[in-house]
Amino acid sequence: MSDALDKFKSETRAWLQENCPEEMRGPLRLDRDACWGGRKWTFKSDAQKVWLERMAAKGWTVPEWPKEYGGGGLSKDEAKILRSEMKKIKAYPPLSSFGIWMLGPALLKYGTEDQKLEHLPKIARGEIRWAQGYSEPNAGSDLASLATKCEDQGDHYLVTGQKVWTSYADEADWIFVLVRTDFSAKKHEGISFILVDMDQPGVTAKPIKLISGNSPFCETFFDAARAEKHNLVSDVNKGWSVAKYLLTHEREMISGFGGDVMRPMGDIAAQQIGLDDQGRLADSMLRSDVARMEIDGIAFMATMERIKDEAKAGQGVGANSSMLKYYGTELNKRRLELMMNSAGCDGLEWGAEGDVAAAWLRTKGNSIEGGTSEVQLNIISKRILDLPGA
Amino acid sequence: MAMVLNEEQEMLRDAARGFLADNAPVRQLRRLRDENNPDGFDRETWTAMAAMGWTGVLVPEDHDGVAMGYQAAGLIAEEMGRTLTASPYLSTAIMGATALSKFGSDSQKTEWLQRLATGDAFLAVAVDEGRKHAPSTVSTKAERSGNGFKLDGTKTFVADGSVADGLIVSARTEGAENDEDGITLFLVPRDADGVSAERKSMVDSRNSATIKLEGVELTADAVIGEVDGGHKPLEQILNAGRAGLAAEMSGSAQECLSQTVSYLQERKQFGQTIGSFQALQHRASHLYSEIELAKSIVMKSLQMLDIAPEMATLMVSAAKAKLGQVAQLSAQEAIQMHGGIGMTDEFDIGFFIKRIRVAEALYGDTNFHTERYAQIRGF
Ligand SMILES: Cc1cc2nc3c(=O)[nH]c(=O)nc-3n(C[C@H](O)[C@H](O)[C@H](O)COP(=O)(O)OP(=O)(O)OC[C@H]3O[C@@H](n4cnc5c(N)ncnc54)[C@H](O)[C@@H]3O)c2cc1C
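As you go down the protein sequences, you meet chains W and G in turn. Numbered according to the numbering used here, the first sequence spans residues 1 to 390. Numbered according to the numbering used here, the second sequence spans residues 1001 to 1379.
Quick caveat, the hints were computed from the structure, so don't treat them as lab data. All of these numbers come straight from a predicted model, not from anything done at the bench. Where hints are given, some of them may not hold.
Just the calculated beta-carbon pair ranges, DEER-fashion [what the hints assert, rightly or not]:
#: 1; chain 1: G; residue 1: M1011; chain 2: W; residue 2: S184; range: 48 to 58 Å
#: 2; chain 1: W; residue 1: K186; chain 2: G; residue 2: A1279; range: 24 to 34 Å
#: 3; chain 1: W; residue 1: V317; chain 2: G; residue 2: G1340; range: 25 to 35 Å
Where chain W lies over chain G, by a calculated footprint (3+ residues, C-beta under 8 Å) [unchecked claim]:
#: 4; stretch: 1002-1011
#: 5; stretch: 1266-1275
#: 6; stretch: 1293-1305
Note that the Cβ used here is the ideal one computed from N, Cα and C, for glycine as well.
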């Protein structure tokens, strides 16, 4: 490692030690401990607020974004160091957000300078919370058949239609929406990508409860909702490219759930089930399932690392985000099935905070959200294996 | 360590791929099998590989090797897996070179390493005694006799045992049959009195032998490493072989997928290419995903052998277990998606499923390594 990176590492370690509150360390339970930000957000503790403010002041909620957009301006190597130092002290992410994971990367690539300056810093500081308005009742896997319409009113647009499965729409401030701007063009060629302020009478979000009980997603209705002209990203009818690019980031984010586990399954099972006099997990069938799953987990983590390194070196296959999404989410479902096996009747309890049952049920959505497993396999078939008619 | 090849490694891989495709394709293995070749490999090809430095890939430079490390050694094995090239590369250039360069005495190094590098000598590792891999179960006895030892026992599933000039033999000098302590490694000349090798006809048409040791007298110079302390070095030697086999299986799995995808693109039924059937697309794409994971874990295990060989066991076992599973899946799926033609001897896929089955079993099958993984992880 170069001297400069070494110095960055020791400074980062010292800064984190001093600035990351004790309460903001430990295994993260996404639903309970995450900080999503936004105007409607109430901090769960002072520590959560302080941690966000301190990290945002350094631009470290989005370490690799340029400084002028609220980021930390770090190189890939520096960002890697920051991540590993945070992991060492088990620091919570200061901010979780669709703005960071999805909209940000899309704006950095397709946004105008004004759009970046207006929206990115607010994402970085956790001031505005974003929702994703893609799916519709009749446009799920076949997303490009979406029908929410967007009419040009001269100096602004009016958006009318219905979105569904919109995660956290009831808690969000703004929403990025896929709309149809040309009904006569081919389905992929009449779509635009537009940013809409949800704080207006024309936008309503109705929560739908999940089988896991929490993390509500919504039906989102647009009734002649106003959108400003300067908030259309890329060109009119060119939204599909933005949409697809954003999806690759969403898939990477979701596939991450498959790899990064705070506590390996074997350790959890050893504690819950106990070991026999030979030091083996007392349930021998579970033991082999856990070992196989952990081995796949290591191989999956190594693959995430390899694909990142290949991308850095300018090699690799773009559509591999679909492979990661497919494998990572299926792996995560396997992990939670084993977690339920291991937890026994304790795992079947319902209602307490941090329930494994709720987490188990929630993972069933991982292979649906962001494009289903079947859709990812279709993409691999078409874009990587070059199979006909896929 | 970055998970990408450096320039030198890329050149090596490309050169290996080109050479093997031209000089040692599956056709060669088929010919060796059909003519019932007593060596089980092609000596001319071996000489050419030696000239390119492959046989010295793990031999130190002061013994005329190129010392490129395990990642490079694995790349060559992976390419050999694509073409199913039969050769004593794994036993000699990977395991033999590991044994002597890491644990050999000065005189053993002088006697053997240069000849390994030039391709003029072959070594084989004789460790197992029963049906299943169990390196700590050793009943072959080495009794002290005068200044040296007298060996008695039988070793099974010795890859390249029938062509080797020297055998690396594990024998018990102390302790009970299943103890890790009390195992000693010996370098036994193949032509020593009392050594006999019976070549077995194996499903993959590659070399494997049963070795009999009957009152084999050896001097103390024949010991590799410490008397009674053979277990640790043996693990490192085996780990090198296991990672090499995992790399080989990775190459074979990739080849099975690639041939299958080509077939899906070309074969027509019901008036369309069969690759347009989603049932097959999804099976192929799942296999692709599994192979991507397999490639990554192979790379990790080889990198571990380069950086921290004493700590590589967890990763090597994970890799051998994963590749055993993925490579078998790829061969099985390849046959199924080829339909009837996949079952014919005339078609190459059969050679893949046979070799993969042997590679999966050699030095510990998927269950063995999954078990070992769980043990090391403490559950
Ligand atoms: C927890 C969760 C959160 C979500 N959050 C959001 C959000 O914030 N914003 C948003 O816009 N959307 C969100 N979604 C919606 C999600 O993107 C869609 O549910 C998904 O794309 C699938 O669409 P669908 O539900 O209409 O299912 P359908 O498309 O009707 O699929 C039904 C079944 O058919 C299969 N199928 C469909 N087409 C094919 C095909 N061509 N080949 C093979 N199989 C096929 C599918 O794989 C699936 O198994 C969320 C979903 C979940 C579960």
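Problem - Structure versus earlier hints, numbers of those that do not hold, lowest first - result: none
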